[in-house]
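Please model the entire structure based on the sequences and the hints provided.
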Amino acid sequence: MKGHDHEQDANEHRAEPVRPAGRQPTPPRRVDRLLEWLLPPDLLEDVLGDLHEVFGRQAAELGAAKARRAYLWAALTYAQPYFYRRRKKFDRPVHPYPNHFLFSAMLRSYFLTAYRNLRRQPAFTAINVVSLALGITCCLLIFLLLRQELSYDRFHAKADRMYRVSATGHWNGETSYTGITPYPLARALRTDFPELETVTQINHGGAGLVTVGTKRFPDPELIFADSLFLSVFKYPLLAGDPRTALAQPNSVVLSESLARTYFGDAPALGKEMLLDNADLLKVTGVMKDVPRNTHLPFQMVVSFANYQRGNPDVQKWDYSNHGYVYVVLPQKLAPGRIESKLPAFMARHIGAETAKNARFLLQPVTDIRFDTRFALHNVGETVGRETHWALASLGVLLVLIGCVNFINLSAARALRRQREVGVRKVLGGRRSQLVWQFLAETLLLTTLAAALSVGITFLLVPRLNAFLGFTELAAAPDGFLVAFVAGLTAVVALLSGLYPALTLSAYQPVLALKNGIGAITGRKSLFSLGRGMVVFQFAAAQVLIIGTLVVTSQTDYFRRKELGFAKDALVNFRLPTRDVQKLSLLRNELLRHPRIAAVSFGKGAPTSNDHGFGTNLSVEGKEGISVFVKAVDAHYQDTYGLTLRAGRWLADREVKDGRYEFIINETLLRKMGYRKPEEALGRTVKIWLWQPFEGTVTGVVRDFHLTSLKEEIAPLALLNLPVGFSQAGVKLAGGHTPETLAYVKNVFSRAFPQEVFTYEFLDEHIARLYAREDKIEKLFTAFAGMAVFIACLGLLGLSAHAAVQRTKEVGIRKVLGASLPQLVALLSREFALLVGVAFLVAAPLGWYLMHKWLENFAYRVTVRPGTLLLAGLGALAVALLTVSFQAVKAARANPVHSLRSE
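Mapping the sequence shown onto UniProt numbering, position 565 (from 1) lands on 565, and the numbers just tick up by one.
Don't read these hints as lab results, they were simulated from the structure. Some hints here could point you the wrong way.
As the list claims (entries may be wrong) - Taking lysine-lysine and the DSS-like style, the derived pairs with C-alpha atoms no more than 27 Å apart in a straight line are:
# : residue 1 : residue 2
1 : Lys582    : Lys745
2 : Lys567    : Lys775
3 : Lys561    : Lys775
If you're wondering where the values come from, they're calculated on a predicted model, not measured in any experiment.
Listed below in structure tokens is the structure:
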């Protein structure tokens with residue numbers, strides 16, 4: 001019997017296969033999901049339990065592969081209509097209430113729970129609401145600004161078919177772009193392209209004087225236009241006929257506000273006014289004010305016949321002064337079909353040689369505001385598309401920084417809510433229901449932030465309008481704005497709440513109820529993501545700080561850079577005459593005053609809105625050099641402090657034998673092919689304005705800036721040409737400026753009693769050239785400060801949570817003798833490290849972005865390492881100051897309170 005028992009034990013031992021230690025085989029998960037879909041919940045647990053038990057036994061006896069096949073076959077036996085019908089019946093609601101009632105009750109429960117949770121932790125709620133509200137406010141302001149920008153010239157009835165005929169050329173290795181074209185172009189287009197719906201031509205007039213009765217009004221913003229202007233630019237007329245308003249000479253159309261200024265509340269139609277004491281104009285139309293979002297701002301339209309009468313050679317192709325030509329294409333005519341014929345058109349009318357290097361093109365009216373290639377000759381300001389992208393990116397960035405605060409603080413609060421999640425799951429709550437609950441909480445908070453941001457936006461819009469000056473933001477609630485706010489709120493709620501909702505709802509109920517800590521799946525990765533978000537916040541903030549510092553440096557450079565002439569104590573005013581004798585008397589009378597050092601006349605100051613005549617210059621052996629020509633007198637050098645590099649200045653005498661004296665700048669010297677200034681002296685040059693002008697180079701002047709520092713110094717030729725004088729320059733000496741200006745005004749009024757004296761200081765005019773950059777500097781500063789503030793709000797919340805989590809550790813260290821600085825360093829070390837990592841990201845990115853921005857300026861600063869380091873140290877100092885507030889508070893707490901339960 002003993003032997004038999006021993007043999008039986010051995011057989012039983014041999015029947016039990018020996019499995020290597022390791023992972024036990026598990027039933028196929030996909031088959032389990034199939035059973036979950038087939039069986040009703042009341043049978044599912046029993047069936048799965050039985051099948052799993054059989055699978056374990058078969059896997060031990062037959063192996064995992066055969067056990068899985070048997071498991072699948074057994075599961076398929078439940079694929080019967082009986083079980084499916086039972087499941088469908090189980091899914092039906094057994095309660096007497098309709099679904100919509102339960103859904104509304106569920107939503108009410110979600111939002112009520114969310115409201116209680118938000119009230120329970122007011123500090124975290126306030127940080128989240130303020131962070132999101134500030135981010136959304138910045139985004140809304142940028143949205144309003146971009147909407148205003150992108151609306152330029154889209155109010156025209158035929159905006160999608162309106163084009164400006166512009167030109168581009170390639171001369172001497174350089175490509176140039178211009179929006180002005182010869183005046184005969186309009187007439188030739190009408191003749192050669194009868195398929196065009198409408199063609200009109202415009203000249204943007206300079207400042208003038210309007211006299212109405214005994215009243216005089218200076219500097220109207222006027223243009224000269226032909227009779228078809230109002231057929232292209234369909235501005236609504238309040239009085240007059242748009243078809244005939246500009247058909248006759250001496251006709252003028254006024255804007256509504258200008259008509260009210262000139263004639264008060266009386267009807268302006270049919271009234272007369274005097275322009276520049278020369279043209280008696282009759283008001284033939286009054287139109288609504290031109291919207292500010294246009295590339296062609298004006299207040300008055302004068303018949304083009306008046307301009308042509310004062311410039312009889314205007315219809316010659318080689319006339320130096322050019323204007324603007326606009327066309328309207330008929331429906332379904334692609335602009336490419338017209339542009340393909342323009343090279344042959346140019347060759348016919350201007351010449352085959354010119355057509356080889358230049359061409360006409362059709363520029364959409366809606367693109368003129370944004371195409372910086374044509375900025376030089378545009379009437380209004382030009383803003384590149386890259387500026388719009390930068391603003392849009394900035395808005396998105398600030399919203400994301402606010403969202404990151406919510407995500408980080410929600411993750412930090414997760415440890416406090418694990419028991420809530422565990423209880424809900426034990427009571428039957430599904431994960432999807434938990435996700436919706438947390439999303440409802442986020443939506444409630446985001447809606448509060450959005451409502452707050454809308455209120456802040458409406459308060460800030462008037463101030464932003466006043467600050468920008470050149471635009472008017474429309475913040476009135478319309479459908480598009482409401483849709484944008486609603487969409488932005490939904491997107492922010494989803495971005496902010498989805499990750500915390502998925503994380504919190506994934507807690508295991510047993511672990512959550514037991515200790516909470518282990519319930520966080522992937523705890524390390526969760527908090528690694530949190531660190532990454534802090535790095536993102538401060539990297540973005542430091543990029544904006546770098547941008548602010550670079551923009552500030554560039555604007556300071558604009559103010560400090562030597563321009564090549566004296567700009568201080570210089571007063572400029574418009575000349576109402578070009579008569580040499582009258583100008584000589586005016587100059588002599590002004591110089592009688594002891595505090596007037598010099599007086600000169602010319603076509604504007606060295607840097608002014610009037611750059612001079614644009615034309616081509618030929619010199620011995622070289623032709624077609626693009627050049628600006630500026631008419632100046634013999635006293636121009638002394639008045640503006642110009643420096644001669646070689647030769648002498650222009651003589652104060654009449655031209656003999658039709659030969660003029662020319663002064664050239666250093667840039668033109670190089671274009672002519674000479675290295676030394678002395679090589680150009682005595683050379684014969686020729687230019688063409690309204691007639692050919694030929695003469696000799698008598699001097700070379702040091703380069704000075706004709707335009708702002710955004711553009712390179714252009715080739716320039718100066719000659720004494722009184723017919724081109726348009727402005728006087730008066731150099732003041734010593735103090736008592738108001739008394740001296742009063743004397744200048746008195747002399748001007750005696751010399752020209754019919755004129756109005758208006759003046760400006762040259763340094764103030766130059767400062768206005770950089771008004772846009774000054775605004776960009778202030779906007780950068782505001783947005784950078786906002787980004788740092790939002791990031792610090794989040795850091796404040798995280799540091800407060802970290803201090804609470806490490807209360808016992810701090811208490812133990814304090815009992816063991818740790819000092820206050822040591823404890824503060826302990827609690828601040830990790831955050832300082834994160835800001836340092838953010839600097840490593842922000843420094844190269846900020847350098848690259850600002851380097852690209854600086855490429856828009858011909859004369860610019862460089863992004864120095866010190867600028868990057870200053871931004872990093874500034875961000876670190878602000879972050880440490882924020883964190884140290886909570887760190888000091890935690891370090892100074894009595895350890896008895898934190899350790900009394902141990």
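For each hint, the structure was consulted:
1. Lys582 with Lys745: holds, 16 Å
2. Lys567 with Lys775: OK: Lys567 and Lys775 at ~23 Å, within 27 Å.
3. Lys561 with Lys775: It holds: about 19 Å lies between the C-alpha atoms, which stays within 27 Å.
Checked against the numbered hints given earlier, this structure breaks none of them.
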